[in-house]
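J.: Sequence:
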Amino acid sequence: MTFEIVFVLLSLLGMVIALILDKMRPGMVLFSVVVLFLCAGILSPKEMLEGFSNKGMITVAMLFLVSEGVRQSGALGQVIKKLLPVGKTTVFKAQFRMLPTIAFISAFLNNTPVVVIFAPIIKRWAQAVHLPATKFLIPLSYVTILGGICTLIGTSTNLVVHGMILEAGYEGFTMFELGKVGIFIAIAGIIYLFLFSKKLLPDARPDTAVPDEEEEKGESLHRVEAVLGARFPGINKTLAEFNFQRHYGAEVKEIKTRNGQRITEKLNEVVLREGDTLVVMADDTFIPTWGESSVFVMLANGKDTEPVPGKKKRWFALILLILMILGATVGELPVTQEMFPNIKLDMFFFVSVTTIIMAWTKIFPARKYTKYISWDILITIACAFAISKAMVNSGVADGVASYIIGLSHNYGPHVLLAILFIITNLFTELITNNAAAALAFPLALAISQQLGVDPTPFFVVICMAASASFSTPIGYQTNLIVQGIGNYKFTDFVRIGLPLNIITFLISVFLIPLIWPF
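In UniProt numbering, the protein residues as written are 1 to 518.
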């Protein structure tokens with residue numbers, strides 16, 4: 001082994017450990033590793049910075065703004081209210097009305113705002129119709145993931161892999177190409193949730209930290225659930241070190257950790273993590289003051305807190321979204337490319353136009369646009385390109401690919417496809433989806449090149465495996481959001497999520513080679 005291979009392998013091992021232990025935000029962990037590669041001469045400054053100008057990364061940034069525009073138009077809140085049954089119903093009937101439509105919506109919008117808007121509304125509705133909210137919130141998170149794998153823009157992972165494909169000199173994905181396999185996974189996943197979620201998900205776990213009579217005191221204090229975001233200033237501090245009441249004027253009564261624990265005693269000793277849910281007693285000004293702040297991913301108080309603008313704004317936002325999707329789809333057709341040879345009418349073009357129109361027509365506040373972008377995700381994506389390049393430059397990708405091929409040389413590319421899915425899926429459950437794609441992509445490219453086969457099936461399997469984060473709450477932000485508001489334990493995700501991982505694996509490994517032959 002050369003120095004470069006050993007150095008890169010040790011650095012990647014340290015990166016994975018740091019991500020699992022949650023020592024820093026993923027973007028900073030990956031950026032630290034990239035700087036190490038720069039210092040060791042494995043990456044040039046140009047290679048280190050290429051990811052920051054990648055079209056896929058910038059497309060993700062603008063999609064955050066488009067999703068925020070749709071959210072602030074009030075369209076999503078109105079959609080879910082029309083989907084929810086009025087009066088007496090059953091878990092199955094309610095899921096049948098909700099889940100397919102939510103999956104469709106999430107195919108074109110960022111998952112997080114969909115879950116942030118829908119989760120409190122669904123919980124409040126479930127209480128009103130006397131059904132356990134626990135039967136709906138994990139399925140809500142899962143169907144946003146299932147919908148996201150069906151289109152190029154459904155999840156940042158698909159755009160990241162698409163960008164890496166273009167960087168490697170291959171033709172990228174079209175708008176709905178991944179839907180050739182994604183739609184089958186989504187349909188199978190939704191059917192599985194219809195049939196088994198009622199049995200596998202727990203019954204309602206009542207909130208006991210703040211009794212009803214405490215809310216009725218003359219102080220006009222109300223129970224609010226606050227999910228901590230990446231920019232919360234008390235991350236990795238205890239409540240004793242970070243005085244929540246002094247900062248936000250609210251008293252913490254309970255902490256629901258990202259590991260599924262519910263803590264009501266010795267709260268000052270608990271170390272706060274991103275994704276933890278705090279149950280606080282706050283007055284009526286708390287949500288209006290902090291609702292637009294990025295320090296909290298979600299605030300819920302059992303009431304409507306989403307904006308309800310006029311119909312004109314809602315319809316205009318929806319029309320812009322539809323035109324963006326149609327434009328990107330039609331722009332990929334050969335006829336359109338011949339008509340406009342000097343303009344690349346792809347998703348990047350149309351999302352750029354849509355973002356600018358939304359800003360100038362005040363669909364979202366243009367002065368606050370930087371607040372709606374998840375910068376850590378963008379830095380993670382940009383660094384993912386550099387890490388992938390370092391794995392190629394050092395020879396790690398070729399070496400690991402040769403080792404995997406050697407272990408399964410008698411079985412052919414189908415087994416290697418299955419192995420790549422398992423490796424990618426394990427990484428996405430333990431670290432982040434974009435980091436998992438960064439580690440898996442150079443392996444996929446090296447395996448296909450050494451076998452002399454088409455790399456497309458390996459690229460597609462990375463997209464499916466990196467998004468299929470169902471078995472743990474920490475692999476996907478939407479899982480963390482519903483964990484706190486639904487009072488779920490870590491084992492609840494394992495019980496219902498592991499079979500869904502297996503379903504995704506079986507469909508992917510069987511269908512992908514049939515649709516994209518080796």
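One or more hints might be untrue.
Stated by the list, open to error - Cross-link-like lysine to aspartate or glutamate pairs, in silico, EDC-like; alpha carbons within 20 Å at most: (1) K362 / E292; (2) K489 / E254; (3) K82 / E50; (4) K368 / E292.
Unchecked claim - Label pairs and their computed distance ranges (CB to CB): (5) F104 / I502: 23 to 29 Å; (6) L506 / L333: 31 to 37 Å; (7) K303 / Q450: 27 to 33 Å; (8) I263 / V86: 22 to 28 Å; (9) L200 / F3: 32 to 38 Å; (10) A40 / I263: 38 to 44 Å.
Since the hints were derived computationally from the structure, they do not count as laboratory data. All C-beta atoms in this analysis are idealised placements derived from N, C-alpha and C, irrespective of residue type, glycine included.
J.: Honestly, which of those hints from before does the structure not fit?
T.: Violated hints (numbers, rising): 3, 7, 8, 9; every other hint is consistent with the structure.
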